[in-house]
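Novice: According to this note's numbering, the stretch in the sequence shown is residues 11 to 299, in order.
No lab work stands behind these hints, which were simulated from the structure alone. In this text, all values refer to a predicted model and were calculated from it rather than measured experimentally. Each hint should be verified, as a subset may be incorrect.
Derived pair list, reagent style DMTMM-like, types lysine to aspartate or glutamate, alpha-carbon separation capped at 20 Å [unchecked claim]: (1) Lys26 with Asp233; (2) Lys43 with Glu70; (3) Lys26 with Asp208; (4) Lys43 with Glu18.
Simulated restraints, written as ranges between beta carbons of each label pair [said to hold, decoys possible]: (5) Arg260 with Asp56: 55 to 63 Å; (6) Gln211 with Leu52: 38 to 46 Å; (7) Ala90 with Ser171: 39 to 47 Å; (8) Ala197 with Pro262: 34 to 42 Å; (9) Trp22 with Gln190: 37 to 45 Å.
Quick reminder that beta carbons are idealized off the backbone N, C-alpha and C, glycines included.
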Amino acid sequence: MRDTSCVEFLKWALPKLGLAWPGFRRVHRQVCKRIGQRLRELRLADCEGYRVFLERNPAEWDTFASFCRIPISRFFRDRAVFDRLERDVFPSLAAQALLDRAPALRCWSAGCAAGEEPYSLGILWRCGVSARFAPLSLDVLASDVDEHQLERARAGLYRGSSLREVPAPWRERAFERSAQLYRINDAFRSGVVFERRDLLQSVPAGPFDLILCRNTVFTYFSDARRRQFLGRACSILRAGGAFVIGIRERLPADAGDLTAWFPELGIFRKFEAQSAAAARPAGELDPHQ
Numbered sequence: 011m012r013d014t015s016c017v018e019f020l021k022w023a024l025p026k027l028g029l030a031w032p033g034f035r036r037v038h039r040q041v042c043k044r045i046g047q048r049l050r051e052l053r054l055a056d057c058e059g060y061r062v063f064l065e066r067n068p069a070e071w072d073t074f075a076s077f078c079r080i081p082i083s084r085f086f087r088d089r090a091v092f093d094r095l096e097r098d099v100f101p102s103l104a105a106q107a108l109l110d111r112a113p114a115l116r117c118w119s120a121g122c123a124a125g126e127e128p129y130s131l132g133i134l135w136r137c138g139v140s141a142r143f144a145p146l147s148l149d150v151l152a153s154d155v156d157e158h159q160l161e162r163a164r165a166g167l168y169r170g171s172s173l174r175e176v177p178a179p180w181r182e183r184a185f186e187r188s189a190q191l192y193r194i195n196d197a198f199r200s201g202v203v204f205e206r207r208d209l210l211q212s213v214p215a216g217p218f219d220l221i222l223c224r225n226t227v228f229t230y231f232s233d234a235r236r237r238q239f240l241g242r243a244c245s246i247l248r249a250g251g252a253f254v255i256g257i258r259e260r261l262p263a264d265a266g267d268l269t270a271w272f273p274e275l276g277i278f279r280k281f282e283a284q285s286a287a288a289a290r291p292a293g294e295l296d297p298h299q
């Protein structure tokens with residue numbers, strides 16, 4: 011399969027899923043490799059044949075959508091972001107939560123892949139922050155559309171290379187060796203809940219003090235879908251809460267209630283007063299927009 015023919019196919023197919031070609035430019039060969047394997051399974055000659063097959067078999071779109079999921083993650087990915095969470099973001103949110111007599115900080119890790127990000131939040135909280143803010147706890151909802159990735163997250167087993175950015179003392183506390191892998195200890199699983207959720211379709215019930223949506227929506231989604239997701243995410247973020255995107259990502263021009271906090275790290279804050287209606291469960295996104 012020629013690269014040019016696959017690129018043309020992706021430019022046609024991705025928008026139909028609410029995705030944008032520019033976000034796939036750097037990873038398209040991985041997607042094309044998966045498509046090539048599917049062509050062999052279906053005994054199709056080329057991408058044009060696959061296009062016809064998709065048009066005649068709507069259920070195949072779910073299979074194609076699975077080819078477009080590119081989970082790239084590790085613990086404490088972009089370490090400077092987590093350093094800032096430890097020094098400024100968590101302490102600020104925790105201090106306000108204590109004033110409000112809240113029992114816990116609520117976080118949402120959107121697009122959590124195999125669990126590295128939500129477990130990183132738990133490790134950071136327990137090892138670096140929580141002692142200053144007792145009895146406050148941390149509750150993390152972690153979601154992903156890929157059930158296979160969620161199974162890996164629940165198993166909590168990782169290669170050593172995924173842990174290379176975890177501070178050594180924290181790594182010793184949070185993990186134990188299991189054959190050639192590292193298993194996250196039960197104490198650091200506490201408060202982390204995984205669920206399947208398609209970010210193109212819905213957001214969970216809020217409110218949250220912290221939402222991380224890094225290297226997913228604002229890389230791969232279309233402009234319309236980005237704005238739609240951002241509006242819904244802001245509606246379930248508490249006033250004063252933090253919203254974190256990837257360090258190479260950009261928010262839409264109209265970022266709603268968000269203002270820059272540490273913008274070079276993709277960290278923003280909601281200062282707009284939140285109405286009672288906005289704190290209710292946000293419901294389903296319109297799949298046709």
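Novice: Each hint needs a verdict: does it hold in this structure or not?
Specialist: The hints, checked one at a time:
no.: 1; hint: Lys26 with Asp233; verdict: 13 Å, holds
no.: 2; hint: Lys43 with Glu70; verdict: 17 Å, holds
no.: 3; hint: Lys26 with Asp208; verdict: 15 Å, holds
no.: 4; hint: Lys43 with Glu18; verdict: 15 Å, holds
no.: 5; hint: Arg260 with Asp56: 55 to 63 Å; verdict: 35 Å, violated
no.: 6; hint: Gln211 with Leu52: 38 to 46 Å; verdict: 27 Å, violated
no.: 7; hint: Ala90 with Ser171: 39 to 47 Å; verdict: 20 Å, violated
no.: 8; hint: Ala197 with Pro262: 34 to 42 Å; verdict: 39 Å, holds
no.: 9; hint: Trp22 with Gln190: 37 to 45 Å; verdict: 42 Å, holds
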